[in-house]
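Protein chains in written order, with the numbering used here: chain W, 22 to 272; chain D, 22 to 272; chain S, 22 to 272; chain B, 22 to 272; chain E, 22 to 272; chain P, 22 to 272.
I should point out that these hints are in silico values taken from the structure, not numbers from a laboratory. A quick note: this is a predicted structure, and the numbers were derived from the prediction, not measured. Among the hints, a few may not be true.
Same chains, same names: a pair is fine if it fits in one copy or spans any two.
Claimed, not checked - In silico lysine to aspartate or glutamate, EDC-like type, Cα no more than 16 Å apart, as pairs:
| # | residue 1 | residue 2 |
| --- | --- | --- |
| 1 | K251 | E171 |
| 2 | K251 | E166 |
| 3 | K251 | D91 |
| 4 | K23 | E139 |
| 5 | K23 | E86 |
| 6 | K23 | E212 |
In case you want the letters, here they are:
6 protein chains.
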Amino acid sequence: MKLLVVNPNTTASMTAKIAAAARTAAATGTEIVAATSAMGPASIEGYYDEAFAVPGLIAAIREGEGAGADAAIIACFDDTGLDAARAAVAIPVVGICEAALVTAGQIAKRIAVVTTLERSVVPLEEIVARYGYAARARVSACDVEVLALEDAGSDARARLEAEIDRALGLGADAIVLGCAGMADLAAALSERFGAPVVDGVAAAVKQAEALVALGLRTSRRGAYATPRSKPYAGVMSPFAPPAAREILGSD
Amino acid sequence: MKLLVVNPNTTASMTAKIAAAARTAAATGTEIVAATSAMGPASIEGYYDEAFAVPGLIAAIREGEGAGADAAIIACFDDTGLDAARAAVAIPVVGICEAALVTAGQIAKRIAVVTTLERSVVPLEEIVARYGYAARARVSACDVEVLALEDAGSDARARLEAEIDRALGLGADAIVLGCAGMADLAAALSERFGAPVVDGVAAAVKQAEALVALGLRTSRRGAYATPRSKPYAGVMSPFAPPAAREILGSD
Amino acid sequence: MKLLVVNPNTTASMTAKIAAAARTAAATGTEIVAATSAMGPASIEGYYDEAFAVPGLIAAIREGEGAGADAAIIACFDDTGLDAARAAVAIPVVGICEAALVTAGQIAKRIAVVTTLERSVVPLEEIVARYGYAARARVSACDVEVLALEDAGSDARARLEAEIDRALGLGADAIVLGCAGMADLAAALSERFGAPVVDGVAAAVKQAEALVALGLRTSRRGAYATPRSKPYAGVMSPFAPPAAREILGSD
Amino acid sequence: MKLLVVNPNTTASMTAKIAAAARTAAATGTEIVAATSAMGPASIEGYYDEAFAVPGLIAAIREGEGAGADAAIIACFDDTGLDAARAAVAIPVVGICEAALVTAGQIAKRIAVVTTLERSVVPLEEIVARYGYAARARVSACDVEVLALEDAGSDARARLEAEIDRALGLGADAIVLGCAGMADLAAALSERFGAPVVDGVAAAVKQAEALVALGLRTSRRGAYATPRSKPYAGVMSPFAPPAAREILGSD
Amino acid sequence: MKLLVVNPNTTASMTAKIAAAARTAAATGTEIVAATSAMGPASIEGYYDEAFAVPGLIAAIREGEGAGADAAIIACFDDTGLDAARAAVAIPVVGICEAALVTAGQIAKRIAVVTTLERSVVPLEEIVARYGYAARARVSACDVEVLALEDAGSDARARLEAEIDRALGLGADAIVLGCAGMADLAAALSERFGAPVVDGVAAAVKQAEALVALGLRTSRRGAYATPRSKPYAGVMSPFAPPAAREILGSD
Amino acid sequence: MKLLVVNPNTTASMTAKIAAAARTAAATGTEIVAATSAMGPASIEGYYDEAFAVPGLIAAIREGEGAGADAAIIACFDDTGLDAARAAVAIPVVGICEAALVTAGQIAKRIAVVTTLERSVVPLEEIVARYGYAARARVSACDVEVLALEDAGSDARARLEAEIDRALGLGADAIVLGCAGMADLAAALSERFGAPVVDGVAAAVKQAEALVALGLRTSRRGAYATPRSKPYAGVMSPFAPPAAREILGSD
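One chain only, chain W, in its complex shape:
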């Protein structure tokens, strides 16, 4: 099967890291196609950046679906645009935050999500709550800018480790890495701390493989109904939803 992994920020070096993590996790027979969004912020740190990452993300997912992807993964821990993307395409779409939580929840009772900046804590708490993990997961930040994770000379790793240490001391049983830019660190951190450390990119690859293998597609009932055809204006007009038939194919 072919899985599209979209980095919704526009920093290609991060895409490369994400793609590598995805390929390591992929099953034999799973092809990983990685894409960097062509529009939007260089990193996604909080509500504002999130909002502007969505059009490029949707464009990339639409394009990937057209090129034959069986499922798509949104490789930003805010699960930016996840609900819009699920409504937009027929293939399943997996968010790395949701994937990481459902994975960690099957091996641990109390989960610590460690993200980058304080400004992302509340946005993550909101989706953690929406996914149903508020009572089991605590979100905190290690005070590292996202792109500092791309800079080998920064103290990002040390700050992340300090925060993981603190989270375990507060009672966490497992750690979830709260940024796609940490995807290369899970194994080493797990070994260092003697506790499960879950990377959302790898977790999402397995969830996407699962949905495809099970033949499950996003429900078209309720909130994920195919967008109604209507005019879109301005630079957004290319995103106008065509008739449902065109989106979902003729069957």
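Dock chains D, S, B, E and P against chain W, hints included.
Here is chains D, S, B, E and P on its own, set in the frame of chain W:
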């Protein structure tokens, strides 16, 4: 004071209706400036449309702030882009869903939110929950497309009344109209049903006036911190956050 | 319009302070009428005092309504007697805790309520939860007796500032002052801490103005139905609800 | 031991019925002393009546404590004044709603509380939630005025039975009678419906006996701290809390 | 009446201590019959031990019912097997955790449950949440193995006191002892800390007496329906549910 | 990899059906080893049966781990013994209810779980809540005994379809089959109703594959800590936990 009311969909006739409702609610001395978004969908019905309404919305709010608005109102009941907008500008930003709920909550215990299409019910339930009203407010749809509210010949009014009737029968004490396109109906519906009917546009005008009069601005701590300056690519690049100083002024 | 602000404790110096804060917040054209309850405790600290503040409060609100008030404000942060008052009179009734929370919630995600004594923390947590803000607001006490706030020589201000400092350190984005007796401090504290500080009295004035301007009155359905006419005994007998017609007028 | 059962409404015939139910439930060696409040409404139906029942209730409990009662029971299903009473006296105070819920919760998973008038549903839902039973208990009304339960010729019994029938059909495993005035009906209703029917008065007698036998008294930490001594004004002045020593005795 | 108290672990010395606590709490006329489970772990510390304590527990309760017990108490703070036992027998079954919580909840707002080992904290948090006390009760461990409580020479008492001290400092109003093996310590600890300390064994005796005196039995509707007759295999076969008639008697 | 699928009831025909569903879902290279528990009830319907299914289940999982299984699946929708099993063995253990919910939650907002008998509804609601899906998932029963699903001549299929139809009418976007005995029906039901239908057995195979592929094992911190070595008595004694070293291997 000057209040900017942005219709984040691109249908000008709806903006006119919204502006009229806002002007009716405004205090003496409050000037209502209404703007129609220049980018995005003609109506906002569910997650997909929401996502593409944000850039035009933020552009309009930024422009309004530059032109001296004291506060901004987002006149779509999904409170589309509200968190991004609060991070983006220094002036307070009010969402009509949040404004309607806090208003209704001070005159009734159990609230029914009646919106347009079924696909909007879960998105609204999610923000109702985030605002803290899940235990008191029930969301339902009257199966009317947003733009049918603009068409005097449609059966939109009859369907809306039928759903209000049903909601009152299920125990609601007050009704919240779950679409900015219903802003002209509140008074007549309240009279007809003998129960408070709250329109979010009018409610938001009063909340915005309140915040301005009290001298309160969005906190810059935590999730609403000013976006960090960084590169933005593609058609999103005009939205790249400049340095905080430029956004918030020199003080 | 005419707004009645009732101090439900019997300390007139606190009423003066409250009235001043209310007048500062009031719009042009809003007349503030302040009343001190004639019955009950000199300060309201916990469940016991709350219970005995209600009859005097209701009497004052009834009287104010008779004298033409368009809305009433209960200026005690426990929102003492708020539900009974809403059932009792036809005009809207606003509580300063609820008003402060809905105001702070529109400019910040995480709210710290700082009140006076530890014994008031749980009562406030209970109403914060009822209003739907439990997930966003944390209540703590600064260990100051209510009337110490009236005493310029006390260390009340220092203790309050210390607790605000602690609350911000724990992640609050905005502060809500948890006692009407702190109404004069909001502006100075906001400036000192560089974070929004919301005083419930001022917030309530704006919420009351909003309800009046919107023509909204307490719903008569469900829990706020007009009290049924029935005998009352003892010193409570003057509070016996007359027939609904007499309460709400002839229309 | 001596248990004081206070009917906080001022209808003596209801007190007689309550006393009989209490005596039937009491253990050998438990003396039931029943008191009718001397102040307040003839029946308690919603927030307004509740508020005015408290002073008479507290007076009766204070008097009962002075006369040697080992514990007090508040025999109104709204648990009117319960928190204030717990702060006021040294002996344990039991509410019939709380007692009924904790009892029913030990013999059934899903509980239906059937009360009198619709206006009491939300107030009861609020205390049910505060006690922690919101997920397990549903509250509904049978549309019977409280005093109609005193009138053998009314259709109160038929309406109550119809509502119980409906609640069982909706999945309840046990019924809680939501008004002290139904205390005489539990046994017959249980037999008729083949399901446990819990009367709060009887349940409260056992909870009060339990607390006394275990030597447990209300905690003086936190919200139930002894009221601070302070001036009270007007007809409320007799309720002014004296020094803690006077309230709790010299030990 | 005759109350069966089952120690579901297989350590007889703990049964003796539990029986003594139960007898101290029992009313005149209540006979306490204590039983040690014949199957399972010597102590119950976490999910694994819990699971294997159930068959012996159910056997003991069945036997006790056959020998005329009027109610049964499960004397392990995990309320091990409580739901299965309620379905299994006609007499009421009381768990010491649930009994302790409902008792503490009537004399305090905020409860601290202090248990033995960290591994039991989440299992207890889960039942505390199911009983509805999550918002009011905090669970922590004092790092003492259950059987160390049987060893007078251990430092168990000192560790327990240190944790109680910490819990009170964090705002608890009352303490619940989170292990049946602490049943002998409640009185001394209460005196030492000047706060209510609730032992679940004693609390359960009173709750069981209450249910028996009120004539209440476990509802047979819903989740506690009598197990359907069906084959059981292996060493579990003696536990196969016979026909309902045989279990519940002929009436 | 080798996945052990344990049917915790003792009905071999159901194991065969479960094994077939598991093999259909398994990836190339995944070997499914199915085991029927040797001890316990022929079907698991409610709390009582659940309790007695655990020892046989744990024995089968221990044995499977010894024979080289990489992960284990508990194929009963109550997730019977899941927490005990996770503590017992080093390999990951997946429950079919949890697996089905996390799968359905990635393709739908509102989930309907349709189980067999009414008595299982509350037990399932309790685990659904514990997993965090209470706000999104509704549980109902189709009134079919588990073993009737094995009987081609029964009306089980018709009843199940009627309940699915009802659930969709109430707003569900996706269906979760609430019994392992329905594992063969998912595809046909999905086609018939035009909505995603998730079978827990298939979902669990993919979750188990995911955990194994990611190298994740159950955390040994907190509630899933390896059981402490201690004596076990009676027929339970073979289950006594040996020293941790013996359980988890020498590394």
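Against the structure, the hints:
1. K251 with E171: Cα proximity of K251 and E171: across copies only (15 Å, versus 41 Å in one copy).
2. K251 with E166: Classified as between: cross-chain Cα gap 11 Å, same-chain 39 Å, threshold 16 Å.
3. K251 with D91: Classified as neither: same-chain Cα gap 27 Å, cross-chain 33 Å, threshold 16 Å.
4. K23 with E139: neither (35 Å within a copy, 33 Å between copies)
5. K23 with E86: Cα proximity of K23 and E86: one copy only (10 Å, versus 33 Å across).
6. K23 with E212: neither (31 Å within a copy, 24 Å between copies)
Taken one by one, the earlier hints fail for this structure at numbers 3, 4, 6, listed in ascending order.
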